[in-house]
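Engineer: So you can see what is in the structure, the chains are spelled out below.
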Amino acid sequence: MPSRTADRIYQATITICAAAIPAVLALLAIVLFAGAWPTLSSAIGPLLTQSTWDVPQHRFGAAPLIVGTLVSSAFALAIAAPLGIGVALLATEIAPRALREPLAFLVNLLAAIPSVVYGLWGIFVLVPLLRRSIMPWSMAHLGWMPGFSGPAYGPSLLAAALILAIMVLPYIASVSRDVILAVPRAQREAALALGATRWEMIRDAVLPAARTGLFGGIILGLGRALGETMAVTMVIGNRHTIPDSLFAPAYTMAAMLANEFAEASDPLHLSALMAVALLLLTVTLLVNLLARLLVARVAREDTATDGLPMPPGVAP
Amino acid sequence: MTICTWGAGLIALLPLLMIVGHLIVNGIGQITPTFLTAVPAPPGVRGGGVANGIVGSALLVVIALTIAVPIGIGAGLYLAEHRITRFARLVRLLADVLGGLPSIVMGIVAWELIVRPAGHFSAWAGGVALGLLVVPLVTRATEEMVRLVPPSLAEAALALGFSQWRTALSIVLRTAMPGVITAIFVALARVAGETAPLLFTAFGNPFWSVDPTRPIAALPLQIYTYAQSPYEEWRGQAWAGALLLLLLVAGIGLASRGVLHARARLFATMRGTKATDG
Numbered sequence: 000m001p002s003r004t005a006d007r008i009y010q011a012t013i014t015i016c017a018a019a020i021p022a023v024l025a026l027l028a029i030v031l032f033a034g035a036w037p038t039l040s041s042a043i044g045p046l047l048t049q050s051t052w053d054v055p056q057h058r059f060g061a062a063p064l065i066v067g068t069l070v071s072s073a074f075a076l077a078i079a080a081p082l083g084i085g086v087a088l089l090a091t092e093i094a095p096r097a098l099r100e101p102l103a104f105l106v107n108l109l110a111a112i113p114s115v116v117y118g119l120w121g122i123f124v125l126v127p128l129l130r131r132s133i134m135p136w137s138m139a140h141l142g143w144m145p146g147f148s149g150p151a152y153g154p155s156l157l158a159a160a161l162i163l164a165i166m167v168l169p170y171i172a173s174v175s176r177d178v179i180l181a182v183p184r185a186q187r188e189a190a191l192a193l194g195a196t197r198w199e200m201i202r203d204a205v206l207p208a209a210r211t212g213l214f215g216g217i218i219l220g221l222g223r224a225l226g227e228t229m230a231v232t233m234v235i236g237n238r239h240t241i242p243d244s245l246f247a248p249a250y251t252m253a254a255m256l257a258n259e260f261a262e263a264s265d266p267l268h269l270s271a272l273m274a275v276a277l278l279l280l281t282v283t284l285l286v287n288l289l290a291r292l293l294v295a296r297v298a299r300e301d302t303a304t305d306g307l308p309m310p311p312g313v314a315p
Numbered sequence: 000m001t002i003c004t005w006g007a008g009l010i011a012l013l014p015l016l017m018i019v020g021h022l023i024v025n026g027i028g029q030i031t032p033t034f035l036t037a038v039p040a041p042p043g044v045r046g047g048g049v050a051n052g053i054v055g056s057a058l059l060v061v062i063a064l065t066i067a068v069p070i071g072i073g074a075g076l077y078l079a080e081h082r083i084t085r086f087a088r089l090v091r092l093l094a095d096v097l098g099g100l101p102s103i104v105m106g107i108v109a110w111e112l113i114v115r116p117a118g119h120f121s122a123w124a125g126g127v128a129l130g131l132l133v134v135p136l137v138t139r140a141t142e143e144m145v146r147l148v149p150p151s152l153a154e155a156a157l158a159l160g161f162s163q164w165r166t167a168l169s170i171v172l173r174t175a176m177p178g179v180i181t182a183i184f185v186a187l188a189r190v191a192g193e194t195a196p197l198l199f200t201a202f203g204n205p206f207w208s209v210d211p212t213r214p215i216a217a218l219p220l221q222i223y224t225y226a227q228s229p230y231e232e233w234r235g236q237a238w239a240g241a242l243l244l245l246l247l248v249a250g251i252g253l254a255s256r257g258v259l260h261a262r263a264r265l266f267a268t269m270r271g272t273k274a275t276d277g
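Respectively, the protein sequence lines represent chains A and B. Heads up: the first sequence begins at 0 in numbering that gives the first Met the number 0, then just goes up one per residue. Heads up: the second sequence begins at 0 in numbering that gives the first Met the number 0, then just goes up one per residue.
Each statement offered as a hint is correct.
On the chain A side, residues computed to face chain B include the following (Cβ under 10 angstroms): (1) Ala19; (2) Val30; (3) Ala33; (4) Leu89; (5) Ala90; (6) Pro113; (7) Phe123; (8) Pro169; (9) Ile201; (10) Glu227; (11) Thr228.
FYI, nobody ran anything at the bench for these hints, they're computed from the structure. Predicted model, so just to flag it, every value in this text is computed and none were measured. Note that beta-carbon positions come from the ideal geometry of N, C-alpha and C, so glycine has one too.
With the rest of the complex left out, here is chain B:
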């Protein structure tokens, strides 16, 4: 049986090695300065890049975070403060459920609410679709981070005559803020790689655009288009784009998660010593 679990481990790691290996082999040669700074070339023409996709993805993520982060932080504070009420339990459960729903559904809802009334695809719609994915992630992360803050800090502030809201915002949330920010980066990395909700919201755009009311390019959409094209040049660019996306997304996500872990452990030890001391 020991052998079986070792086998399971090896089989599980094999695809990871293969995917990363193929991405590097097929993509690394194509990541050139032109690739990073030019807009796509017409089919069959050499050269061209994904600069508009990188900028478009950044704009989409910024819109998503601007909408979702305040709501997520507020909801996270609520869950941390009222953790055992029936409503809080329900919200916590629904946040987890929402986080597991297919992202394409968010795209359809953003389409119905924004694209259809406006009559055209837009970066706003794409940002809203991604924002719907970010809210539950930020909510749960904020709750966890706020809970890690030692309660004695809040008690000290209240004892000094701070009002409830100031204690919550300038003592508790502020202490938790570095953790919340790294969690936001984890969420950012998650949604920056999303493609499905963008297919009929942001839609993609082969040209340079930073106008949020118009269709906009996104790196995952470019990879999708290039991967299915019959042109050799575009297929090469799909590999390069995928390697770039993985480096961005996994790099940001993993670095942030590392910081989060270190921080959670630090707070846990702080709490642990408090508890045994007195």
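Okay, chain A solo, but in the shape it has when bound:
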């Protein structure tokens, strides 16, 4: 029967399309692994632990990149996580009903701004603001704390962390909002019936039930922050040393790739950059996987979508 054949062709086609997604991931890993092999096989130790990046001498130490990536992302999350969860609570429990949707929409708008536009704003608004007022003030009043001293460069770890915090905020807020909305109504009503105030209801009934999902949202934000390239490249200062202060310039893995990859022609240099890219891929892959699994666990009961709350920018 021709239609059975056609059905088989149709099934085969969509199966191939579905298999393309694992295949693309495998391709990413294989291409980077093959490109990075010369470095992986001979210089993986220095790559992970040394701080000197000297192309003519073939010394490729990526430790400052790793530190810069982790520290900028950690600071970004420290700022964005409480804000994001706060906004999600505001948009689900606290704000007047009419304001909730518009509020969530406005915060999601932050995710629609392209990275390079954040970078532009960072260069011309945020960095001068930090250099002129915030850094001198912090050094005068917080200088006793480690990390808040040293010469105030404008382009700095702090500028990158602030930009990253703004950029990951909508992701954290959006996932948090979805998981808070997924907490069963009965649980809130039970808490209220027992005489809890609204805040006690949120603290004792909503947040514990949503905890895993909230954590998943924060980890998702971490995945974004680790891999964010353009905005960070434009404000972090791109200096290949381990920063001793929040006000000092630093460097991240993604920023180095953005700056050096187009000009790399030396095979060993290219291989070192590929190894950095492989490291970035591995870390973001694991972080994303963890985030998705955490969020999926919370959303599983929500049969309406049978899956994961979508981050902003993804339909519907």
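Starting from the structure of chain A, add chain B where the hints point.
Structural biologist: Quick look at chain B alone, frame taken from chain A:
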């Protein structure tokens, strides 16, 4: 505590207001007919525009969508039809993970696969890099849209003797198509603003070019170059370009997302009434 969450809301909206405000203040005066229709002027010379960047970005996005949309729709159909099998769950998870990976990695892979063998940067490589970003977005959106189609429609078609593939393509997918198309626009808006994967694939080009085998200009790349230049004129153009990019990208994305939401809600109510009726 209520005050704390209100504070969080205000702090979250402050950067949005500042960024949009600065873009408008610094950019609006420079968006002139010349800016939209001319190619870049040499450094230090007044005038010039980003016409080649707009056209280049459009070409890159078209290449990306041509590659990614058929694969994404196919994979989305697969996920919607086989939603609970182990393989489908794995693909769904990996699609979400792929969608969260740094875009610069896609650029490096496109460089290795296309730029290095060819020996020069090209629009093809840029389009492929963007396409790798589009596939997971279209896949998940198609799946969601197809799932919203009431199953009774497919059952009716099968009962009338339609074969499986015709039911899937001309009944189910066709019903979901407006939603899929708006989702494609959302994905388009997402990747049109991408810069990192283009740095070493499309590379940028200060001249007029529509040849996909050569380096090509892109609006985000122009903003990046201009923002870091020492010339006052170029910095002004960076603001104007950023305002233009935001208007294009956010405009398309938000309008499409609005349509998607309305449609999802309509389908949900249709399903809801079906379920209670019988």
